[in-house]
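Participant: Protein chains in written order, with the numbering used here: chain S, 1335 to 1435; chain D, 1335 to 1435.
Calculated directly from the structure, the hints in this document are not laboratory data.
Errors might be hidden in some of the hints.
The list cannot tell twin chains apart, which means a pair is met if one copy fits it or any two copies do.
[Stated by the list, open to error] Dumping the calculated DSS-like pairs for lysine-lysine here, alpha-carbon to alpha-carbon at most 30 angstroms:
{"id": "1", "residue 1": "K1407", "residue 2": "K1344"}
{"id": "2", "residue 1": "K1355", "residue 2": "K1344"}
{"id": "3", "residue 1": "K1423", "residue 2": "K1355"}
{"id": "4", "residue 1": "K1381", "residue 2": "K1407"}
{"id": "5", "residue 1": "K1355", "residue 2": "K1381"}
{"id": "6", "residue 1": "K1344", "residue 2": "K1423"}
{"id": "7", "residue 1": "K1381", "residue 2": "K1344"}
{"id": "8", "residue 1": "K1381", "residue 2": "K1423"}
{"id": "9", "residue 1": "K1407", "residue 2": "K1423"}
{"id": "10", "residue 1": "K1407", "residue 2": "K1355"}
Protein chains: 2
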Amino acid sequence: MQGAPPEEMKERCETIAAILKTLANPQRLTILCTLTEGEKSVGELQKICGISQSVMSQHLARMRLQGFLRTDKRQNFVYYYISDERILKIMQSLHDVFCAE
Amino acid sequence: MQGAPPEEMKERCETIAAILKTLANPQRLTILCTLTEGEKSVGELQKICGISQSVMSQHLARMRLQGFLRTDKRQNFVYYYISDERILKIMQSLHDVFCAE
DNA sequence: TTTATATATTATAATTTTCAAATATAGAAT
DNA sequence: ATTCTATATTTGAAAATTATAATATATAAA
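Starting from the given sequences, assemble the full structure and let the hints guide the process.
Facilitator: The following block contains the structure:
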């Protein structure tokens, strides 16, 4: 048995928990699931996910500020896509665990 | 483009988000990390993780009620271990993404 | 039986998250 | 210039989470 938890483990757990907190919301997960298929405009995401304009924008802002997502403005639309490799890997793993046959 | 999100996706996202909510706490993650190495008594967990008695017990109760953990009482100690294969897989995946070289 | 140890539960206050409504902005179309 | 469309931001209330303290329980030891 060792003494205190390696400080490193605690710090990592804080970092990871902060990321998981953002994932741990049904609407944000639905948005991310949708984006794993490729970029979507905000309006498309609203329709596909059934989330209101304001709430959608708030979720997207949070994930953008946290570095999960980036945007690409074309015409008068804003397209969002997953820009964080770690998020893609986690989504893949969640798919394997919960959605695979 | 399809219409509404498959209801199945929404439902799965709710289930998964509920699980991630429990994971998304630095202390609970630290506890789970520790338990990936094998079962530990409550007292051992308190020392290793540096978490107070009451808070530890509340975290353990939550994870036990959610089916992540089970207990084994021996002597006058309660040993906790991870009993949900999905949690083990997620922890492994988080390790791969955030802690691997 | 009393006391000590290990763990669990309850209550409550503080903090954080979430949703909804209103308002703001920016570019395109008229 | 005005209006419309797409998106973002702000605000405030409701709900959920977290920490802390107090109390409870159950078993072992004295």
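Participant: Give me the numbers of the hints this structure contradicts, sorted from smallest to largest.
Facilitator: Of the numbered hints, all hold.
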